[in-house]
Every structure is written in structure tokens, then in C-alpha cells.
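Residue numbers (the numbering used here), protein chains in the order written: chain Y, 1 to 259; chain B, 1001 to 1389.
Keep in mind that the hints are not guaranteed to be accurate.
Just a few of them, taken from the derived set where beta-carbon distance is under 7 angstroms, the chain Y residues facing chain B [stated by the list, open to error]:
hint	residue
1	P77
2	I79
3	V80
4	G114
5	V115
6	D122
7	Q205
Not the full set, but computed from the structure, chain Y residues with beta-carbon under 10 angstroms of chain B [as the list claims (entries may be wrong)]:
hint	residue
8	Y64
9	L76
10	D103
11	R117
Derived from the structure by calculation, the hints contain no laboratory data.
For clarity, every value in this text was computed on a predicted model and none was experimentally measured.
Backbone N, C-alpha and C fix where the C-beta goes; we use that ideal spot for every residue, glycine too.
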Amino acid sequence: MFAGVDIGSVSSKAVIIDRGEVLAFSLLPTSYDRQESGAEVLKLALDKAQKSKGDIKYIVSTGYGRRAFASADKVLPEIVCHARGTKFLFPEVRTIIDIGGQDSKVIELDEAGGVVRFEMNDKCAAGSGRFLEVLTERILNLPLDELGPLALRSSKRLTLSSVCTVFAESEIISLLSEHTAKEDIAYGISRAIARRVIGMGAGGQVSYNEPIVFSGGVARNIGVVKAIEEELGKEVVTPQEPQITAALGAAIFAGEHSQ
Amino acid sequence: MGVKALDTLEELAQIARTRPERLKEEKGKGVKVVGYIGRFVPEELLYASGALPYLMCRGGEPEPPDAVIPYMLRFMSPYDRAQIGYYLLGMDPVVPMLDLIVAQCSDCHESRLADMLEYFKLPTARLGVPPDWQKSLSREYYQKRLAWLKEKLEALTGNKITDERLKKSTESINKLRDILSRIYLLRKQQPPPIGGYDFIRLNHYSFYCRLEELLPRLDELYAELKKGQSPFPQDVPRLLLAGHVVGVGDYVVPKLIEDSGGVVVAELLDEGMRQHSWKVKTDGDLMANLGETYYSERTPPSIFQPAWEKRADIIRKLIRDFNIDGVIWYQLSFEEIYDLESSLMAKVMDEIKIPFLKLESSYEYSREAVGPLTTRVESFVESVRQRRS
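Pulled out of the complex, with its shape left as it was, chain B reads as follows:
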């Protein structure tokens, strides 16, 4: 990645950092600000309603999950605990001014988080997500919840979500996904022009910048990256980062992987990343199209049952397509479904002789915790490198 590309990335980081002030300004003009938790909540609907979206997806710091201990079990995901923890500690200036928080509920951790939002009297709308995704009843349920959310947003903003508005927002988000996807695919090159640490951050910034600011800069970035200049050596080991979520700010692991001499060239993360390969259809029934992309046809997350065999196929395909040398599985403490899936994936990787490393974090990145984590990651990367050579 050349200097110009780095400058663009930094520019986007700065724009993203100013999101709270800008939302406050817009709210002062009467615009509604809607928070949302989870990748089952279609941004297209939020934009079409005229509201400004704010993704609640922070992580990587130990204090917010700890602040919630009186209300949520210690044995719940630190990621879900953190989303309310930042609010309780006054570390998130946006949450107190939100007009609505759309909280996806796909498992007990997220449901408890929605309970907490309601307990603290934050305006909450639950979006239930049934895990048995192959049943028609589940699809109907999700579709009905989207219709309910549409009405709720219309009532909040006073704007009717017409087909025209929804089509426009869908086209804009499709455009954004397309450019991110093209950048993502450049990572098939060896060495890749952009690593996982930068790509994940870029993906995160895309949630906090206005589309009209974002799209031209992403086009510039793509053009720069396409020139092929890479910050990585020719023989850098290529890694896949898989698991639940890299929250906004939780960059210790991706950075450590790349500081240890590896590069993350692809991700399979259920949350926290914009699903750049999606393209929502813009003809016919637009609400049904959203349901199809966001629920029925999506890459199944770990919570979907039965899905792990399909997920194993997806990982195998990523390994082939991106010429992956090793898989790093990143999950947070007490995420039981990811814990189970990590064992299954380790066996699959064993069969195809791909090295696999499982990492688990509680967002406690003290010197004592980072020491062994560094040894693990460096050892893995070095053993992958030796295996490659």
C-alpha cells in the first residue's frame, strides 16, 4: 500500500472519528438518529426512512464489559456486554441521543443486551432472528419483522419509505459494497496490496462516513491499491481470520498477526464487517429482496442451524480462492456456539492439512495477557512460514 492509499485511509479514519459531532449537529436540525446492533438490520431501511444510522459495535477494551457485571452474567460474551457498557461508562456520546436502537436478537447474549437497553430506558426495537433459517416459517417471521421495523421507522421519522426511497438507498449501499468487494478481491494477489488490519478498519470506517464522502475516496483507494504496491514481503504467509466479530477498536489480534510476519487476506466474521459480497436486488418487491439477502441467502452465521457444514464449505472455498496457508479462529470468551464450531473447524482443517490456531479474548489486553498471545501468534505464523518453505 503506497503513501497515497495510507493517506486516504487516514482521511476516512478522521471522518469516522467525527461521526458523533456530526450526528449531534444533524439531530439539532431535526434529523432522527437510529442506532443498530447486528448485521441482520438492513441499513437500507434506515437510510430510506431519512434517519442517520449509527452502528453499535465497539470492542477491544476491558472496562465496558466489566461495567455490566451487575446486570449481565460474567459468562456472557464480552462483545455484547460492551455495547451497553460503553453507554454506562459514558464512553459513547451517541447512544444517549439515539431516537431508536434496533437490536437484533439471534441468541441469548444479544437478547440479554436488548433487555439491558430496555432496562436503562433506551428506546429499543427488537429484531428477532430465528436460527432455523431453512424453515419457511422462519423466513416469514424475519420478513414480518422487517415490515414491522419499516412501519416503526416511518412513525419515528414521519417519512414514508416509498419504493423510490428504498430503491435509492439500496442502490447506494450496493455501490458501497461493490467497491469494498473489489478492494477485498485485490487481496488475492501475492503479496496483497492491503492487509487485514487495514481492510477491517476500512470496513469499519464505512459505517461512520457519509456515503457521498465515502464513495469517491474508496474509488481513489481502489485505484491506488490496484497499482499493486504491497507493504508485505513476497513470501508472506497468507492467513484467513474467522470467527465471530472484530469489533470497532478491537484491533490487537489482526495487528499482532501482521506484526508477526503474516498477513490476513480474507475474513469470515459474522459480525462487525459489512458483507461486501452482497448485492440486494433493486427490482420487484424491494422488502422481499432485503429479506432474501439479509436472511435466506446470506452466508449463514454460526447461530444458524444447521449450518456448520455449509460454513466449512465456505471456509474450504476461501482457502482455495485466496490461497490460504493457515486459519486463525478468533472468538470471545463464553461464546459457546463459536467454541463448539472451532472444534469442528479444527477437524476440517486437519483433514485438508491447513494449520489452525484458535484464539480467545475477554478484551483484556494487559502486558501479562499480550505476552502469551504474542507467543501464540508468532509461533503459528512462523510454523506456517516454515511449512510453506
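In isolation and in its complexed conformation, chain Y is listed as follows:
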């Protein structure tokens, strides 16, 4: 039995696998103590699987806080874990778009699932999950999970001119004062995120070969999924559990490394 623990900047995820099958997974917000976050999220997954830590043969940690997790037998960067986990779920995958709490990544894979090239944001969290959260909950006064369905009702193709959280905030306030419909603003936010991440990948010479898998917490937002499809002119698929692909990849690597 093997475990993958992905300690992200916003949430921590754990996946337990045994004989190529996912036994359990878990997800918790990451606290300032990343070691504790890793330990807690792993314990939660073990509880779900009705197993104990002693049953785990090998643990791989990944994500922003990967080095803080002392229980890991091996540490791997998240790009390769995303690639491995997504390949497991979608064997044909050639492009991964992942938008997490504070970072975004675009990864191009070859036929064998190897990473050909990737691009990721630097320290600015523009266009990430945090951007979505601030604009939706604080400015539009909406629960985050309502933004996607609302965006789908938009008939206009509004675009925000910036994905900087500070500038976008003032732009949305101006739009609201002009009585722009909230659904149009919701789509505008989604489109801004889509354009940002697609442009970032294109800057890194990613070809956006299909099939394209969209993962990370933001992939739960149907408005952003639709905006990415429209901007790329290509179909995008999302995993049933879009936040655990890196943890899943880490668990698969754990299985391989222990052999």
C-alpha cells in the first residue's frame, strides 16, 4: 500500500493506493504548519481506508510544502506528479492545464506520458484560485460554487482587462456601478482566467495537443471550463476529483520507487 501527499499552498491532498486501485483520498485546507497539514490529510485518508500508517510501505510528497513533510520517503516536484496522476486517469492525455489555489501550470506530454515542456506562473497569483475567491466572495458577494453556473447564463462575451486581483477588483466595481449583469461579470472573470493560463502556456511553446485535461480546484468551476474550451476552440475534460491528480501521481511513484 502506498501514499501520495500533495501539500499545496491552499489545500493539502492525500491518496492511498493498493495494487493499482485508489483506496481512499482526502483533502484539507493547508495551515501555516505544512508538516502538520501533511500528517492530518494523510491520517484522514487512512481513516477513510480503515488503515493505519504502518500499512503504508512508501510515501511520496509533492506540492509547494513537499519538503516540510518529514514522513515522506521521497520528495518529487508537482509537475511530474500531475503528469503521472493524470496519465493514470486519462491514458491518452497530451496537455494538462492545472489551476490551483495560488499557481497555475500548463504541461505538455508526449505519447508515453513524459513531460515535454511546461510553464507555470511565478510568485504572482493572478488568475489562480485565490483570484477567483477574492473577486467572487468579496466583490460579487456570491458563494464560490455559484460563480460557474452563473457564468453559463451570460449572453455577452465580456472580458476583464486584467487578471491582477487588485486591478480586476476595481474594474468589477466599475462594471457593477454601470449595472452590468452579474452573470456577464462572472463570465468575464472566467474568460480572464482562461486567457491568462492559455497565454502562459503558449509563451512556453505548449502546443495544446488533445486530449486536454483541466485539473486543480478551479476545474470545479464550469464557467472557467467553458471559457477555456471557447478560447482554445478545443474540448477540455476534467477529472471527477480534479484536485487530487498530483497526490495520485505521487502515490503511483511511491509504488514504483518502493520496488
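Given chain Y, work out where chain B should sit, using these hints.
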């Protein structure tokens, strides 16, 4: 690399660190101290004049480039901004005592830096470098600038640069390049006895140590390294570091690459590294020989036009000769020619199926900046390793 080799490296580091005090001491005895910026300035001429050279090539810290913002656009290379920034912040004890600064001017960033040196009334000599290197007029121009520099150095030091003096300094620098080159070639081994982080630092120390101290220690180091003891595992991914410059002190990226489980086995950097493969001819017209090696026959830097196809060939050859698994392109912000070339090189690497990672730095290595940089480098190294296996 064994303990003895590490000790030699540390010894050279200590000697290099004392360079400012030693230059001050020599200056007190009447010796002229000449600063220089750029790898088009032949050290051979400086030594032959009896002056002591001081390479201005520091980098890796955010404050010096920021200190120059009132005078140089933010959108200019942080490396060029830093060279005057260290002086403005009082972080370089040598620059204020320099008798002359020979500043190469091959692009707008370097020219603006020379403007700043003049603005702050530092004794500056511009060495213009035409980018259209295949034209005879350009070669003549560079050759004439060398002749002009020779006269300037003679006037400054009061020493005539005779053929005898120039031959002697050329032979000494050739000897230094030869030993560095032999150390460099040991990196063809798998695993290499010395990685890029140590080799780049060694190369930098070679600018700040006296030749008579340096050469015997480099011989010892070579003998140690030749024994083949490597600090890297047998299956370590082999990487080429290419781009503009790793300044003295700007070691975050090479160190990060090697902390991430890779090893830099070769470099193609235009500045900051002694061109160890060069051998300046020591017969015939010695000044013409310098012009040939430093301008006409050199590995063309990115600024030379047209050169990118030749540079692509050089990278392809390095990949074959050093059995390279991946290329890391390292450039600084707002270096437009390197930006363009990185896209061209990425396409070339794509054709020959060599993984390519572009990194860009503004010398801002805060915790927030290093986090994503670490993820990039670790991900690249790991994906190269997986591809290899």
C-alpha cells in the same frame, strides 16, 4: 570531487576574496589598477602594460540594479545595471580606486552602463564592439580600438607594451586557459568529477587570483579531479547551461540545478566566464592575433549578427560531445536578444528531442521567488531523469 580538490577550491576562493586589499596595496606602490567590463577586453593587454586587472562582473543581488533606477531604465538588463549599482551603494571597494575602466560597448545596455560610468566621473575608456562581425570593416574597427586601447594603457602606466611583454602575458593567459580547459573536458566523464556550480566559481576565481598563485593550484586541482572521484551519482542527468551571463556571486541557479539532482556539465555563456578553449597565437603580429581570437574567430555571442544558426550548431555539438540530456537557458530580465534567441533555441531543441527549460531572473531571490524557481528546476531535472530511464 575529493576533499583535497574541495580544499584547493576553497583556498582559491579565499585568495579571490582578498583581491581588493591586495590591489589597494599594489596601488600604494604605484601600480595602476584597471577595471574592465566584458569579455571583448583582452586581459593580455592589461597585464602587458604592467597594470593589474579587475573584472567588473558581479550579479545575483537585487539592491545594486535597483539603486540605478534613477539613471537607467528599469527595462534594462539587471546585470549591466548592477555593475554601476555596486559602486553607487559603496558595495565595491575597488571601483573607486580604479585608474581606468575599459567598458565594452556591444549593445544598448552596455553603452548605457558606459554613459553612467562617465556621468559619475569614473575614468572610462569605451571599447566599441560592432555586431556585424563578418564584415571586414567591423574587424578593422575592433582592431583599431585595440590599438587605441594599447596606447591608452601605455600612457596610463608609462610602460611601453612591447612585443616581448605582450608575448609573455599572452603565453601566461594561454597557460591558464589550457589548464581550465583540461578541467572542463574532465566533465565529459559520467559522472563528472566537478559540476557546474564549482566550475563556474573556479572560473570566476581565476579572474581574481595572481597567475603565479593560480597556476600551481589549478595543476593540483586537475591532478585530483583526474582521479575521477565524483560527488554525483552514476545516473545523474547531464545538463548544459546556456544564455548570457552567470555573474560573480550569481550562483542560485547553478546550485539549485545541482541540489535538484542534476549536474551542469557544460556552459555556453557569453559573459562572465573565461573562454578556456581559446589559444591566442604567440607568433607574428601579436595585436592582430588578439583581434582574431577576441573578435573574428571567437564563439559568436548572441549580439553578433547573423550568428544564431552558428550558435545552434555549437549547442548541437556540445550536446553530442558532452552527452547532454537537457538544456537550461538562463537569462536576465529585459535582455531582448536572449529572449528572442531562447525561442529559436527551444525550436532547435524540439527538433533534436532535447528537453529545454528557460529561466529568467531579475536577481530577486526572495523566498517567494525561489519557491516557483525551485519547482521549475526540480520538475525539469526530474522529467529529464525519467526520460533518460
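Among all the numbered hints in the text so far, which are the ones the structure does not match?
none
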